[in-house]
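Top to bottom, those sequences are chains A and B. According to full-length UniProt numbering, the first sequence holds residues 1 to 512 in order. According to full-length UniProt numbering, the second sequence holds residues 1 to 422 in order.
Quick caveat, the hints were computed from the structure, so don't treat them as lab data. From the three backbone atoms N, C-alpha and C, an ideal C-beta is built for every residue, glycine too. Take the hints with a grain of salt, since some may be wrong.
[What the hints assert, rightly or not] Straight-line C-alpha distance at most 25 Å; calculated PhoX-like pairs for lysine-lysine:
no.: 1; chain 1: B; residue 1: K57; chain 2: B; residue 2: K31
no.: 2; chain 1: A; residue 1: K203; chain 2: A; residue 2: K154
no.: 3; chain 1: A; residue 1: K267; chain 2: A; residue 2: K410
no.: 4; chain 1: A; residue 1: K154; chain 2: A; residue 2: K267
no.: 5; chain 1: B; residue 1: K27; chain 2: A; residue 2: K476
no.: 6; chain 1: B; residue 1: K240; chain 2: B; residue 2: K280
no.: 7; chain 1: B; residue 1: K240; chain 2: B; residue 2: K285
no.: 8; chain 1: B; residue 1: K240; chain 2: B; residue 2: K147
no.: 9; chain 1: B; residue 1: K84; chain 2: A; residue 2: K392
no.: 10; chain 1: A; residue 1: K410; chain 2: B; residue 2: K84
no.: 11; chain 1: A; residue 1: K86; chain 2: B; residue 2: K367
no.: 12; chain 1: B; residue 1: K31; chain 2: A; residue 2: K83
no.: 13; chain 1: B; residue 1: K265; chain 2: B; residue 2: K402
no.: 14; chain 1: B; residue 1: K57; chain 2: A; residue 2: K83
no.: 15; chain 1: B; residue 1: K280; chain 2: B; residue 2: K213
no.: 16; chain 1: A; residue 1: K83; chain 2: B; residue 2: K51
no.: 17; chain 1: B; residue 1: K27; chain 2: A; residue 2: K83
no.: 18; chain 1: B; residue 1: K57; chain 2: A; residue 2: K476
no.: 19; chain 1: B; residue 1: K285; chain 2: B; residue 2: K325
no.: 20; chain 1: A; residue 1: K267; chain 2: A; residue 2: K203
no.: 21; chain 1: B; residue 1: K27; chain 2: A; residue 2: K86
no.: 22; chain 1: B; residue 1: K31; chain 2: A; residue 2: K86
no.: 23; chain 1: B; residue 1: K285; chain 2: B; residue 2: K147
[What the hints assert, rightly or not] Derived, one-sided and incomplete: chain A residues facing chain B with beta-carbon distance under 10 Å:
no.: 24; residue: E54
no.: 25; residue: K83
no.: 26; residue: E109
no.: 27; residue: N111
no.: 28; residue: S112
no.: 29; residue: L429
no.: 30; residue: P440
[Said to hold, decoys possible] The calculated label-pair distances, taken between Cβ atoms and stated as ranges, are:
no.: 31; chain 1: B; residue 1: D112; chain 2: A; residue 2: E110; range: 27 to 35 Å
no.: 32; chain 1: A; residue 1: D167; chain 2: B; residue 2: Y3; range: 38 to 46 Å
no.: 33; chain 1: B; residue 1: K84; chain 2: A; residue 2: P327; range: 25 to 33 Å
no.: 34; chain 1: A; residue 1: S366; chain 2: B; residue 2: D112; range: 48 to 56 Å
no.: 35; chain 1: A; residue 1: N317; chain 2: B; residue 2: L4; range: 37 to 45 Å
no.: 36; chain 1: A; residue 1: Q469; chain 2: B; residue 2: D86; range: 25 to 33 Å
no.: 37; chain 1: B; residue 1: D112; chain 2: A; residue 2: N317; range: 28 to 36 Å
no.: 38; chain 1: A; residue 1: E159; chain 2: B; residue 2: P381; range: 52 to 60 Å
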Amino acid sequence: MNDMTAKPRHPNALPEQSEWTFELIEQIHQEIRRVAEGFGLDTYPNQLEIITAEQMMDAYTSVGMPVSYNHWSFGKHFLSTEKGYKRGQMGLAYEIVINSNPCIAYLMEENSLTMQSLVIAHAAYGHNSFFKGNYLFRTWTDAEAIVDYMVFAKNYIAECEQRHGIDAVETLLDSCHAIQNYGVDRYKRPAKLSLMEERARQKEREAYVQSQLNDLWRTLPRREEEETAKAAKRFPVEPEENLLYFIEKYAPLLEPWQREMVRIVRKISQYFYPQRQTQVMNEGWATFWHYTILNQLYDESVIGDGFMMEFLKSHTNVVYQPPVNSPHYSGINPYALGFAMMTDIRRICENPTDEDREWFPDIAGSDWQKTLDFAMRNFKDESFIAQYLSPKLIREFHFFAVLDDDNNEKLNVSAIHDDSGYRYVRQQLAEQYNLGNREPNIQVWSVNTQDDRALTLRHTQFQRRPLNQQAGEVLKHVARLWGFDVHLETVAPNGEVISTLEVRREKRSRIP
Amino acid sequence: MTYLIDRRLQGKNKSAVNRERFLRRYKSQIKDAVGRAIKGRSITDVENGEKVSIPVKDVSEPSFGHAHGGVWEVVNPGNQEYLKGDQINRPKGGAGSGRGKAGNSDQMTEDDFIFELSREEFMNYFFEDLELPHMVKTQLTASTDFKNQRAGYNMSGTPSNIHVLRSLRGALGRRIAVGGGSRKRVAEAERELEQLLLDGVPLLDPRVVELKKLIHHLHTRLLAIPFIDPFDLRYTNRIKVPKPMTQAVMFCIMDVSGSMDETRKDTAKRFFILLYLFLKRVYDKIEVVFIRHHTAAAEVDEEEFFHSRESGGTVVSSALHLLDKIIDERYGGGSYNAYVAQASDGDNWDNDSVLCRQLLVNTIMPKVQYYTYVEITDGPPQNLWEQYSQVPDHHQHFAMQKIVTPADIYPVFRELFKKQPK
Numbered sequence: 001m002n003d004m005t006a007k008p009r010h011p012n013a014l015p016e017q018s019e020w021t022f023e024l025i026e027q028i029h030q031e032i033r034r035v036a037e038g039f040g041l042d043t044y045p046n047q048l049e050i051i052t053a054e055q056m057m058d059a060y061t062s063v064g065m066p067v068s069y070n071h072w073s074f075g076k077h078f079l080s081t082e083k084g085y086k087r088g089q090m091g092l093a094y095e096i097v098i099n100s101n102p103c104i105a106y107l108m109e110e111n112s113l114t115m116q117s118l119v120i121a122h123a124a125y126g127h128n129s130f131f132k133g134n135y136l137f138r139t140w141t142d143a144e145a146i147v148d149y150m151v152f153a154k155n156y157i158a159e160c161e162q163r164h165g166i167d168a169v170e171t172l173l174d175s176c177h178a179i180q181n182y183g184v185d186r187y188k189r190p191a192k193l194s195l196m197e198e199r200a201r202q203k204e205r206e207a208y209v210q211s212q213l214n215d216l217w218r219t220l221p222r223r224e225e226e227e228t229a230k231a232a233k234r235f236p237v238e239p240e241e242n243l244l245y246f247i248e249k250y251a252p253l254l255e256p257w258q259r260e261m262v263r264i265v266r267k268i269s270q271y272f273y274p275q276r277q278t279q280v281m282n283e284g285w286a287t288f289w290h291y292t293i294l295n296q297l298y299d300e301s302v303i304g305d306g307f308m309m310e311f312l313k314s315h316t317n318v319v320y321q322p323p324v325n326s327p328h329y330s331g332i333n334p335y336a337l338g339f340a341m342m343t344d345i346r347r348i349c350e351n352p353t354d355e356d357r358e359w360f361p362d363i364a365g366s367d368w369q370k371t372l373d374f375a376m377r378n379f380k381d382e383s384f385i386a387q388y389l390s391p392k393l394i395r396e397f398h399f400f401a402v403l404d405d406d407n408n409e410k411l412n413v414s415a416i417h418d419d420s421g422y423r424y425v426r427q428q429l430a431e432q433y434n435l436g437n438r439e440p441n442i443q444v445w446s447v448n449t450q451d452d453r454a455l456t457l458r459h460t461q462f463q464r465r466p467l468n469q470q471a472g473e474v475l476k477h478v479a480r481l482w483g484f485d486v487h488l489e490t491v492a493p494n495g496e497v498i499s500t501l502e503v504r505r506e507k508r509s510r511i512p
Numbered sequence: 001m002t003y004l005i006d007r008r009l010q011g012k013n014k015s016a017v018n019r020e021r022f023l024r025r026y027k028s029q030i031k032d033a034v035g036r037a038i039k040g041r042s043i044t045d046v047e048n049g050e051k052v053s054i055p056v057k058d059v060s061e062p063s064f065g066h067a068h069g070g071v072w073e074v075v076n077p078g079n080q081e082y083l084k085g086d087q088i089n090r091p092k093g094g095a096g097s098g099r100g101k102a103g104n105s106d107q108m109t110e111d112d113f114i115f116e117l118s119r120e121e122f123m124n125y126f127f128e129d130l131e132l133p134h135m136v137k138t139q140l141t142a143s144t145d146f147k148n149q150r151a152g153y154n155m156s157g158t159p160s161n162i163h164v165l166r167s168l169r170g171a172l173g174r175r176i177a178v179g180g181g182s183r184k185r186v187a188e189a190e191r192e193l194e195q196l197l198l199d200g201v202p203l204l205d206p207r208v209v210e211l212k213k214l215i216h217h218l219h220t221r222l223l224a225i226p227f228i229d230p231f232d233l234r235y236t237n238r239i240k241v242p243k244p245m246t247q248a249v250m251f252c253i254m255d256v257s258g259s260m261d262e263t264r265k266d267t268a269k270r271f272f273i274l275l276y277l278f279l280k281r282v283y284d285k286i287e288v289v290f291i292r293h294h295t296a297a298a299e300v301d302e303e304e305f306f307h308s309r310e311s312g313g314t315v316v317s318s319a320l321h322l323l324d325k326i327i328d329e330r331y332g333g334g335s336y337n338a339y340v341a342q343a344s345d346g347d348n349w350d351n352d353s354v355l356c357r358q359l360l361v362n363t364i365m366p367k368v369q370y371y372t373y374v375e376i377t378d379g380p381p382q383n384l385w386e387q388y389s390q391v392p393d394h395h396q397h398f399a400m401q402k403i404v405t406p407a408d409i410y411p412v413f414r415e416l417f418k419k420q421p422k
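With these hints in hand, go ahead and build the complete structure from the sequences.
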């Protein structure tokens, strides 16, 4: 060869072929791991599983877990995914990764060797290190126990189906699912329990909760207490944001097994809560790392040109952000925004401009790996955007904010990507990722312990936004769980009740 | 530490249970869809899967969310023209859809939820509507005929099956084989004796005496070889093979007089479909002939059979004449097995019913494998019923039943097609 620029081939260079084999996957995985460790990515051990497209659909539609209990809604998602996949309308999500220890990543058998490498770098090193490092996941999820817990839940619910019938279980799950987003603690940190402890505690719980209930719902007031009852203590003393928790603890008529099922849905919901808050960061981080790792492997000549071309094509598709006026627009692509921000932070560290020094004095010129690692660990989408979205990116994305106030006849462009708008746009975009704003603020307000046992929920209005039309349906589910009348009051910021929805239980009977 | 695990062979179809749960939950909607599908489908095409659509409202899982209204401030990418402070008209669609589409999910119009039933699932729903007990349909066995077929020869059998030619040929072979050596030596000995006698050796020479003894001995041995031995016997071998019933023709005869309304036609259609599916299990090829009649009969295609609105009085015999004609012209000669299913509400001209009976008994029944008559009515039996009731006295392969609701179809069908004592 007289081409002097030709790089020496790496001893572990991959052959230029698109078919994967187990040996080749092992080989590329070794290389990816070497590079990832070189960049200081800290991960759980990896478990790579080769699966079929159908299994991928299974995993995809049962809340992305390797095991889950049975429910019709998972079947519904399966049917619609299958339809889309068979018609070729959508490619399957090619990466599903489970926040567990070991971290499970799925490799679909149809994928080419390049795609397998992309998935390994993306899921097994990107997402995996995010799960292990990010404070929300560290606080709220227990990677050691989740698969065991899902097995416990599946078995428990299957047992309930046998004992109480599929219909009874299904209706209860329907109701729990309807308010599963209101089954999370935002502030209380759960204790980590092993499966054994979980089982042991489940028995205690049954006994304990029932005894507490008797106290709360005492029907024969003792005489000497009547005086104090006049003072009518509010119950609950403070509003409770976790509806499922409140129902699990205090719903008067639930059977012990029903409480346990409420708890299962709540636990799983809680487990996924960090994922809902870190979509941009998590995908951005994983995408940044698959991009960085595979480029490094290319530079080392472990992977060749053909491999790189195929990889870049997929990568480019993933991070494409259509503009708002495009027919393909469906909101901000978390992969695009997250990847751009991660890349941008590295750029600010390595090649800061004057603008960057002014906006990010702390990180401009600093060690990019440390800076990025810090960002990954200590933020969620909302705070991450508020902290790191640079004017340069706002310009690149052509971000602009539009104010839609139904008191005004027209929409108003409130800020664009110019000097006066950067901070405003950044703040608005961060707000957009605040789950507290995105979901209506609904809390348990009070329970009528003296009379009809009615439950009152309060919706504290945000920016005068009304509840959607499904609210009435959801409320029926709440009433089914509660067993008695349920009221939903919508309250303006000044405390004035604006409107009320209510569901009356005609027959006060045990569910269903 | 890494694990690479091949999961492809395990845990397939994990969602099957969830899929089944889904179907179970929406059973009534799916049954409706299957019912519609049957109406819209041809009889021969009933065995495929079906697309089912359920209104999205029914399958939605409700959750709390914001509707549009109040104040929304949304950041979007891709600004090309706007400056701060620009006023934009609200997009069409009233106050409902702002440019920022966040939150107003329940105002988006969505298409129905559409998915496909597999062939198996479709058939389950189809049979379920017929109140088919769960697995019974697989037990509907065909009354297969066997025919005896020669299959070479056997070493054992009954005397009547002895194949003479084959047995004798075997015996001849055996005789040649067994006697071969002796015969050769006889020939040699005789040649030698002749040579000795020609050479003038005296008759009492010990060599001549020796040879004569040997020849005699060998002749005796050759004569002792049996002409036929039990070992030689060959019997004709016959085996039973299923009779290849390759073709059948199914006649659907329907009364389309005014009293046969949509519901009754639908019931009839289900009956015909069931008959078709049944025959399909026995025959590779089935042809379907549709005959409709009021005062006059006509051969029509399926579309017209079920959907034409032409109507009039009733002369059932017109259809029977036509049936007979078609059998003779196109399906005669015994190469087809003919089945007839007739559906009617039973109302016929009085004197015509007698004619029908005569036609059936004398002309048609000898030409067909099976003839079923279903009367779709909730009223008392009509004169046609009375006359048809006499047919079984002459021909066993005639059956008739009454159907009131679709749920009766399957039991009636079972009754009609139960195995006949031979």
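Do the hints match the structure? See the list:
no. : hint                             : in the structure
1   : K57(B) with K31(B)               : holds, 18 Å
2   : K203(A) with K154(A)             : holds, 17 Å
3   : K267(A) with K410(A)             : violated, 44 Å
4   : K154(A) with K267(A)             : holds, 13 Å
5   : K27(B) with K476(A)              : holds, 23 Å
6   : K240(B) with K280(B)             : holds, 23 Å
7   : K240(B) with K285(B)             : holds, 23 Å
8   : K240(B) with K147(B)             : holds, 6 Å
9   : K84(B) with K392(A)              : holds, 18 Å
10  : K410(A) with K84(B)              : holds, 14 Å
11  : K86(A) with K367(B)              : violated, 49 Å
12  : K31(B) with K83(A)               : holds, 20 Å
13  : K265(B) with K402(B)             : holds, 14 Å
14  : K57(B) with K83(A)               : holds, 19 Å
15  : K280(B) with K213(B)             : violated, 78 Å
16  : K83(A) with K51(B)               : holds, 10 Å
17  : K27(B) with K83(A)               : holds, 19 Å
18  : K57(B) with K476(A)              : holds, 16 Å
19  : K285(B) with K325(B)             : holds, 22 Å
20  : K267(A) with K203(A)             : holds, 17 Å
21  : K27(B) with K86(A)               : holds, 24 Å
22  : K31(B) with K86(A)               : holds, 24 Å
23  : K285(B) with K147(B)             : holds, 20 Å
24  : E54                              : holds, 6 Å
25  : K83                              : holds, 6 Å
26  : E109                             : holds, 6 Å
27  : N111                             : violated, 13 Å
28  : S112                             : violated, 17 Å
29  : L429                             : holds, 4 Å
30  : P440                             : holds, 5 Å
31  : D112(B) with E110(A): 27 to 35 Å : holds, 30 Å
32  : D167(A) with Y3(B): 38 to 46 Å   : holds, 40 Å
33  : K84(B) with P327(A): 25 to 33 Å  : holds, 27 Å
34  : S366(A) with D112(B): 48 to 56 Å : holds, 55 Å
35  : N317(A) with L4(B): 37 to 45 Å   : violated, 27 Å
36  : Q469(A) with D86(B): 25 to 33 Å  : holds, 32 Å
37  : D112(B) with N317(A): 28 to 36 Å : holds, 30 Å
38  : E159(A) with P381(B): 52 to 60 Å : holds, 55 Å
The structure does not agree with the numbered hints 3, 11, 15, 27, 28 and 35 stated previously, though it agrees with the rest.
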